[in-house]
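S.K.: Each chain, letter by letter, is given below.
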Amino acid sequence: MEKNRSYHQLLHSFCLNPSLYFDGQDSDEMPILILRAHPITQLPWIINGFFLLLLIFSLNFFLPNYLRFYQIIFVNLFGISFVLSYFYFNFLHWFFNVGIITNKRVLDIDFYGLIYKETTIAMLNKVEDITAKVGGFFSSFFDYGNVFIQTAGNEVNIEFMNIPKPQEVSKIINQLLKNGKFNHR
Amino acid sequence: MENLIIVNNKEILFLFFKVFSLIFSFLYFLFSLVSLQQTKVMIRKVKVGKTEILMFLSFLQLFLSIILFVMAFFV
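First to last, the sequence lines map onto chains A and B. Per my numbering, the first sequence starts with residue 2, numbered consecutively. Per my numbering, the second sequence starts with residue 272, numbered consecutively.
Don't take each hint at face value.
The calculated EDC-like cross-link candidates involving lysine to aspartate or glutamate, where the alpha carbons are at most 16 Å apart (straight line), are [what the hints assert, rightly or not]: (1) B/Lys318 to A/Asp130; (2) B/Lys316 to A/Asp111; (3) B/Lys311 to A/Asp24; (4) A/Lys118 to A/Asp24; (5) B/Lys316 to A/Glu119; (6) A/Lys172 to A/Asp130; (7) B/Lys316 to A/Asp24; (8) B/Lys318 to A/Glu30; (9) B/Lys318 to A/Asp24.
Covered stretches of chain B (in silico footprint by chain A; criterion: 3 or more residues with CB under 8 Å from a CB of chain A, positions within the stretch not fixed) [unchecked claim]: (10) 289-303; (11) 310-318.
Derived from the structure by calculation, the hints contain no laboratory data. Virtual Cβ for every residue (Gly too), placed ideally from N, Cα, C.
The task is simple: from the sequences and hints, build the whole structure.
M.R.: In structure tokens:
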């Protein structure tokens with residue numbers, strides 16, 4: 002991996018040397034890579050949202066037969082804000098479900114729904130095996146897949162799902178392991 | 272007599288509409304509130320630039336839900 006190269010924008014799903022701070026970060030710990038699911042994997046909820054908007058729009062042809070004018074306005078406002086919330090919720094879910102690789106450890110931060118969150122941490126010196134898997138037409142075409150990080154002993158295993166450039170991610174982690182010092186920058 | 276029955280049916284429909292509007296807009300308000308709290312937690316967990324936009328959107332959602340809840344009383 003190219004040293005000191007920085008490749009990071011806010012909405013990227015593969016951010017190299019990002020400017021980021023996460024809860025529990027040590028003072029001498031430097032994030033090297035942030036990973037999110039590949040944007041193409043988010044297409045289903047975007048399409049669903051647009052279909053819902055179409056549904057609300059088409060309801061306007063039938064509602065005047067049954068409801069008053071201001072009731073129709075209410076239905077439209079409620080429907081539109083519901084769909085916008087649906088978009089926003091799914092965006093938040095994508096944006097904050099991140100995998101972080103630092104010069105010391107690997108973190109997987111997951112938020113499930115609105116209430117549950119899960120943070121999995123594995124120290125780099127405990128990493129034993131890294132497997133990158135790419136399968137299927139879309140995965141091969143858009144170059145995304147899963148990375149499984151197996152750790153020694155009682156440490157938990159970490160999985161990054163649908164992330165872009167899985168081969169490069171495993172290469173970066175391998176290089177960090179080879180360096181041994183776990184100090185990449 | 273026929274007209275009277277039709278009017279009554281519509282009134283029942285409007286009553287149902289009002290009740291459901293109130294229930295769903297209240298649920299939406301609760302959802303927005305939880306969503307705002309969760310956004311705060313997420314931002315605290317991972318700070319990646321421009322998080323104030325997300326907070327603004329969460330507050331906007333909450334504001335919209337309050338407007339809808341108030342509106343539901345008058346539909």
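S.K.: Next, verify each hint and record whether it holds.
M.R.: Going down the list of hints, with the structure as the test:
1. B/Lys318 to A/Asp130: violated, 29 Å
2. B/Lys316 to A/Asp111: holds, 11 Å
3. B/Lys311 to A/Asp24: holds, 13 Å
4. A/Lys118 to A/Asp24: holds, 13 Å
5. B/Lys316 to A/Glu119: Distance of about 11 Å is within 16 Å: holds.
6. A/Lys172 to A/Asp130: holds, 12 Å
7. B/Lys316 to A/Asp24: Holds, at roughly 5 Å.
8. B/Lys318 to A/Glu30: Holds - the C-alpha atoms of A/Glu30 and B/Lys318 are around 15 Å apart, at most 16 Å.
9. B/Lys318 to A/Asp24: holds, 8 Å
10. 289-303: holds (count 6)
11. 310-318: Contact hint for the segment 310-318 of chain B vs chain A: holds, 7 residues under 8 Å.
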